[in-house]
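Mapping to the UniProt record's numbering: the sequence shown position 9 is 9, numbers consecutive.
Derived by calculation from the structure, the hints in this document are not laboratory data. Among the hints, a few may not be true.
Unchecked claim - Lysine to any residue pairs mimicking SDA-like chemistry, simulated, CA-CA at most 20 Å apart: (1) K59 x K12; (2) K96 x G110; (3) K116 x P142; (4) K87 x D23; (5) K116 x E103; (6) K83 x N119; (7) K12 x E45; (8) K19 x K59; (9) K59 x D46; (10) K83 x N62; (11) K87 x E27; (12) K83 x D72; (13) K144 x N98.
What the hints assert, rightly or not - Between beta-carbon pairs, the in silico distance windows are: (14) D74 x E5: 20 to 26 Å; (15) P8 x E109: 23 to 29 Å; (16) G133 x N62: 31 to 37 Å; (17) K59 x K125: 16 to 22 Å; (18) P8 x G135: 19 to 25 Å; (19) V91 x D36: 28 to 34 Å; (20) K32 x N90: 37 to 43 Å; (21) K125 x N9: 20 to 26 Å; (22) R77 x G135: 39 to 45 Å; (23) D123 x S93: 26 to 32 Å; (24) N131 x Q76: 29 to 35 Å.
Because the structure is a prediction, the values reported are computed rather than measured. From the three backbone atoms N, C-alpha and C, an ideal C-beta is built for every residue, glycine too.
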Amino acid sequence: MIIREFVPNDLKRVCEIEKMSFDESYELNMFKQLYDIGAGFLVAEDDGYVVGYVLFWIKYENEGHIISLAVDKDYQRKQAGTKLLLKAINVLSLFKINKILLEVNENNEGAIEFYKKFNFEVDRKVPHYYNNGDGAIVMYLPVKV
Numbered sequence: 001m002i003i004r005e006f007v008p009n010d011l012k013r014v015c016e017i018e019k020m021s022f023d024e025s026y027e028l029n030m031f032k033q034l035y036d037i038g039a040g041f042l043v044a045e046d047d048g049y050v051v052g053y054v055l056f057w058i059k060y061e062n063e064g065h066i067i068s069l070a071v072d073k074d075y076q077r078k079q080a081g082t083k084l085l086l087k088a089i090n091v092l093s094l095f096k097i098n099k100i101l102l103e104v105n106e107n108n109e110g111a112i113e114f115y116k117k118f119n120f121e122v123d124r125k126v127p128h129y130y131n132n133g134d135g136a137i138v139m140y141l142p143v144k145v
């Protein structure tokens with residue numbers, strides 16, 4: 001499995017992974033717009049097949065943000081998510097940021113535990129963050145510069 005930069009030909013597959021992973025998913029145009037404005041966009045590829053992605057950017061001068069990370073259900077627990085997250089953290093840390101933020105559905109215990117394994121901490125809860133009424137947990141990772 002390799003981690004590489006996203007290319008526009010990956011867009012359809014990324015959208016498939018997004019839709020299978022989240023009840024409220026980003027549309028194809030949103031991914032394209034974020035890519036076009038320079039957001040970090042990496043994919044995990046296994047034998048030429050895209051199995052996951054991470055989308056991230058620098059939100060403020062000293063703050064990174066993981067916009068979305070998802071892995072095809074058939075490839076979960078096979079290190080794709082770990083490799084994507086670590087590469088995104090590495091890229092963001094090159095920009096001398098002091099923390100990385102992300103939001104996760106308060107009911108997604110698997111994702112919350114996944115991020116905690118990488119020392120992400122709970123910052124706060126945001127009630128009714130998602131359209132279905134679910135709240136979000138905002139998590140952050142302090143980055144040493």
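Tell me the numbers of any earlier hints that the structure contravenes, in ascending order.
1, 2, 4, 8, 9, 10, 11, 15, 18, 19, 20, 21, 22, 23, 24
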